[in-house]
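Asker: Each chain, letter by letter, is given below.
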Amino acid sequence: MTLREISDRLGLTVHSGCDRLDTEVTRGYMSDMLSDVMGNAPIGSLWITMQKHKNIVAVAVMKSLAGIVLVKGRAPDEDTVAAAEEEGVAILSSAQGAFATAARLHELGVAGD
Amino acid sequence: MHEQQAQHAKTQELLFELRVADVMRPQVICVRPDQTMTELRNLLREHRISGTPVLDGDEVVGMITIADLIAFLVSGESEARIADKMTRNPQMLFSDQLLVHVIRQFDETRFGRFPVIDPQTHKLVGILTKGLIIEGMLRAMERELKEEEIRQYRASHIFEDLVAEYKEIYLTYELIGRDFDRAGKASTQMKRNLKRLGIRPDIVHRLAVASYEAEMNAVIYADSGVMEFRIAPEEIFMRVRDRGPGIEDVARAMEPGYSSAPDWVREMGFGAGMGIPNIRKCADKMHIQSTPGIGTTVSVRIFTGREGEGA
Chain G
1 MTLREISDRL GLTVHSGCDR LDTEVTRGYM SDMLSDVMGN APIGSLWITM
51 QKHKNIVAVA VMKSLAGIVL VKGRAPDEDT VAAAEEEGVA ILSSAQGAFA
101 TAARLHELGV AGD
Chain Z
1001 MHEQQAQHAK TQELLFELRV ADVMRPQVIC VRPDQTMTEL RNLLREHRIS
1051 GTPVLDGDEV VGMITIADLI AFLVSGESEA RIADKMTRNP QMLFSDQLLV
1101 HVIRQFDETR FGRFPVIDPQ THKLVGILTK GLIIEGMLRA MERELKEEEI
1151 RQYRASHIFE DLVAEYKEIY LTYELIGRDF DRAGKASTQM KRNLKRLGIR
1201 PDIVHRLAVA SYEAEMNAVI YADSGVMEFR IAPEEIFMRV RDRGPGIEDV
1251 ARAMEPGYSS APDWVREMGF GAGMGIPNIR KCADKMHIQS TPGIGTTVSV
1301 RIFTGREGEG A
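So the protein sequences, as listed, match chains G and Z.
In this text, residue positions in the first sequence follow the numbering used here: the first is 1, and each later residue adds one.
In this text, residue positions in the second sequence follow the numbering used here: the first is 1001, and each later residue adds one.
Don't take every hint at face value.
As the list claims (entries may be wrong) - Just so you have them, the derived chain G footprint on chain Z, three or more residues with Cβ under 8 Å:
#1 1180-1192
#2 1206-1212
#3 1275-1284
Said to hold, decoys possible - Some chain Z residues well away from chain G (every beta-carbon gap over 10 Å; in silico):
#4 R1045
#5 K1130
#6 I1169
#7 E1174
#8 L1197
#9 R1200
#10 M1268
#11 G1269
Rather than coming from a laboratory, the hints here were simulated on the basis of the structure.
Note that the Cβ used here is the ideal one computed from N, Cα and C, for glycine as well.
Just chain G, with the same shape it has in the complex (with noise of 0.2 Å):
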């Protein structure tokens, strides 16, 4: 399933990251804790987080994530916009709570440990 399938499917914002829609995601992860994303997300999985500061962006990048889902309606600062478009990386928000959100994406098949 592609990022643009979720996007719709759940009907998110996106932030960033117009053109990284096409993105297929097969596996997601979840924490708020960067060091715990960067040692085990899977590589080019979907990051739900609350977190919404400019280095959520370097993160997603070291782990060549699919994307990243801010949720409870949080939108990303404007300095993670930016820093978003230059790196290509694809930021996304749900007006739903995370728990939510990952249950709504593992009935769409998106896997998770």
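Mind docking chain Z on chain G? Use the hints.
Answerer: Relative to the frame of chain G, chain Z by itself:
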């Protein structure tokens, strides 16, 4: 995957870099207002074009297109002068305009082609169509792609191309403490460098994680630091030295979950006590040397081997 992202950013940049003169067709064919529509028909057919500017001396006085010709043929008139069938006072583009501005003009008007004039002399220098913009963009993209290919090729062959008994590349980055704006930049650039050097993806990934964690530690805890990488054919060595508070108990810092991070750092999602364990997980060898009040040095060695290259 990341090359594609970079490439896409490049194509967007192109619109802001290319000017009309870079993609226009330098004008060679034009007609005069006193020529006939029959002459126009022959000219369009001969040159396989669908429109051309009308010039009175040096001045562009109109545009005449295949649509005008068809309208004329349908009307059943036996002959007409171009002057009577052309679009007068056409909108014109300057040769030094950026493509990004010109594209809007194509969208806002129904015109498929614009005469291009020199911004100083106002003389006709070419013609621009949407097709020419696309062709020009494709040419420029191909150039960019080739350049990146050459960069990657050169980088990945650097060890073969240079002749010496010992070959190593040193790369150094300065780190600034508490600057979360720049935090991660050194590791991001380093990851790109390693890919260009043709290092195996799994090794690039391990080094990316280790360097990011080490960089963040220096940024979070220290006033400043230096990140050094030594890339040799068989191994990559990374050393991050910081001028910070140092670690009281290095053995404890290695335990997952141990952290001395202040609350504001934890709120950002750092300081979970996983940084050093993550580095250790990615390193073939890791060494931490720390003196309280002076600083910490983290050294990491990753063996790249020669087998399985290009995997």
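Asker: Would you mind marking each hint as holding or not holding in the structure?
Answerer: Here is how each hint holds up against the structure:
| no. | hint | result |
| --- | --- | --- |
| 1 | 1180-1192 | holds (count 8) |
| 2 | 1206-1212 | holds (count 3) |
| 3 | 1275-1284 | holds (count 4) |
| 4 | R1045 | 41 Å, holds |
| 5 | K1130 | 21 Å, holds |
| 6 | I1169 | 21 Å, holds |
| 7 | E1174 | 17 Å, holds |
| 8 | L1197 | 17 Å, holds |
| 9 | R1200 | 14 Å, holds |
| 10 | M1268 | 6 Å, violated |
| 11 | G1269 | 4 Å, violated |
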